[in-house]
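Protein chains: 2
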Amino acid sequence: MALAVSPLAPTSFPTLPAIKGVRIASHAAGIRYKERTDVFLAELAPSTTVGGVLTQSLTAGAPVEICRTHLKKGRARVLVVNSGNSNTFTGRKGAAVVEATVNAAAQAFSCAPDEVFISSTGVIGEPPPMDKLVDAVPAAQAKLSDDAWADAAAAIMTTDTFPKVATRTAKIDGVTVTLNGICKGSGMIAPDMATMLAYIFTDAVLSAPVVQALLSAAANKSFNCVTVDGDTSTSDTTLMFATGQAAHRLIAAPTDPRLRDFAEKLDDLAIDLAKQLARDGEGATKFVEIRLKGAADNKAARRIAMSIANSPLVKTAIAGEDANWGRIVMAVGKAGERASRDKLSIAVGGVVIAKNGEPVEGYDETPVVTHMKGREILIDVDVGIGIGVATVWTCDLTHGYIDINGSYRT
Amino acid sequence: MALAVSPLAPTSFPTLPAIKGVRIASHAAGIRYKERTDVFLAELAPSTTVGGVLTQSLTAGAPVEICRTHLKKGRARVLVVNSGNSNTFTGRKGAAVVEATVNAAAQAFSCAPDEVFISSTGVIGEPPPMDKLVDAVPAAQAKLSDDAWADAAAAIMTTDTFPKVATRTAKIDGVTVTLNGICKGSGMIAPDMATMLAYIFTDAVLSAPVVQALLSAAANKSFNCVTVDGDTSTSDTTLMFATGQAAHRLIAAPTDPRLRDFAEKLDDLAIDLAKQLARDGEGATKFVEIRLKGAADNKAARRIAMSIANSPLVKTAIAGEDANWGRIVMAVGKAGERASRDKLSIAVGGVVIAKNGEPVEGYDETPVVTHMKGREILIDVDVGIGIGVATVWTCDLTHGYIDINGSYRT
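Top to bottom, those sequences are chains F and G. Residues 1 to 410 in the numbering used here are what the first sequence lists, from first letter to last. Residues 1 to 410 in the numbering used here are what the second sequence lists, from first letter to last.
Just so you know, these hints were derived from the structure itself, not from any lab. One should not assume that every hint holds.
Just so you know, same-sequence chains aren't split out, so a pair can sit in one copy or run between any two.
Computed list of lysine-lysine pairs in BS3-like fashion (alpha-carbon distance at most 30 Å, straight line) [stated by the list, open to error]: (1) 275 x 293; (2) 93 x 355; (3) 132 x 343.
Please work from the sequences and hints to get the whole structure.
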């Protein structure tokens, strides 16, 4: 099925610069798709440290398991990502494919097997073609370059309608470092301490524990705050690689104050990528930001915001351009977190339409109607209990979602 | 919006017999709908005991709150139910409407106010018209009869496409007693220790604690095992009234062995009604039964089964007649309960298509394809951990759901 580009796609994409210590390539291995690339390979300098945030799914795939194991060492030389087949629920065959790919990469790049990271995304339950994946490693190796980032982001797409990229610079000790990020994801998006596939590269000089701490914090504010359909993937993987090629001195402690600007820019980049996921939600016609305050704590706020963001009734109302705040009340009520029914306030597009547990009589409906007809929907909810806050992003639920997912395998 | 009757509707409905001690009526109060009834009134004999299971929503409506309070006494004389307006998130105005309706009923039937039970279903956040509701009490009282059950079930419908009724008989001490049940619900169906609106009437002679214990047990096996969209209503209410008019001696202890047949028939009736909810799920074209086994315990089994039943990806695949068991794996993995990825087995329509964590090679696809084209879908999942079991019911997710919910208020 050829999908039209999401109407919510960014109107322009940044050109990602080269990052010292990273060489990348994409390749058409013919795993499932025809006439497009489906393998992304990254070669990382020997000084590279790595951190990762992986799916909490109990049916995670073999590639996720190998990442979890290799993250213990915290060093990376090669990343191999394929689209078209998630290598999940594939038993020993799937594990054998991962092992063969790891060994092929370790041999091709003369590194230890536990410095190789693997991700796979696509259909669940079909053993991937081992030879195509193994052969793809030297084939992609021959094409390595410094700056083919847009091609890389395109190679990892499945039902995505646009490649997702972002870049930032930050200062560490007065030295400018660069962060590049790419990700994919459109359906089965409800990351649980992780996302679909996202890779962040930087030339900063950071110990592995620092990379891990920064990435975990950023994922918590970005990928973990986005949902398309409430379905958590078996393959969610976020990895951050720091090649250590910048001119500043090593930062070895997550609490080092020199990290402030970098952490801020990393959060910003991760949020940029996360929003792109929601903007490419399957069948999406509206991008929705939900700002929740007044919860018992931030975690409670996120759970309530996610309950709203995942409610099919809220999402179909938004698709129908209906500011049906009664369904928001319902979603607050079912979230299982403390909320004061009689202090609850809701604003849509900045207009308060319910306050202190009652509809606001005679509020001006015109700007709300106009807002609902737009492509960017803003919902503010105050549950009136405490100081917990959260912002999450999602999209509407449309006929397009059903079209895409009623025929994904045919 | 006029809705076509669900293709999953039962082909015939039982005629419900009169129950000693229950007189019922329906009435067109014009609360929201035109040219149809929207009030259901039941008068109960002075000997009537009552038990209830109510929504766990933290934004429950005023009618739910009054039921919770009145259930403490355990006696009932009048039930007043309206459709068209849920009287939820209506603040002091809504509470005043409930109070006025309770007082009107207490006066009309010469009973204590805490023997009156109220339910409301429909739009959230609009104060209901007090005069129409209060006036409906004597108007409906004038129409009371013994056997207008189908009319009663029709009066409480919202987006339902058919009235939902069921009847059973049971023996207590050799005496035949009757159970009648009616319910409504089509969207916002994910009961949490409760259901949408369901009312069960019997002439059995039971203490209020017995009624409560039996109803709680039955709800757990029926209404709490059905989901349409994972959205828990603010108004879910199940009440059971026992008029005490049958000729057997009072049963005062939930553990009395004379209850065995009655409890069995009650469970069966509640399951019958619960399945009718799924069969009338908004936009449903397929009825889905999910049988889960091998979980750590029954509660874990239900959570995993519900995770499958609520997954939009599973539900759209079923709508597309695709036995996409990979999405079932995903839904098991995200449920947050223990499951053995490498022992997981899945059967569709009785055909095992995945076993011990791998697809079954060369299984006969033909009967599976045929099964998926049918209206009744059966999914068996074994998660390979323990002896916990659960059966839940749901429906597919189709364009119809989005049509209905994108325009509910227009």
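Worksheet entry | Hints that the structure is at odds with (numbers, increasing) | Going through the list in order, the structure violates no hint and respects every one.
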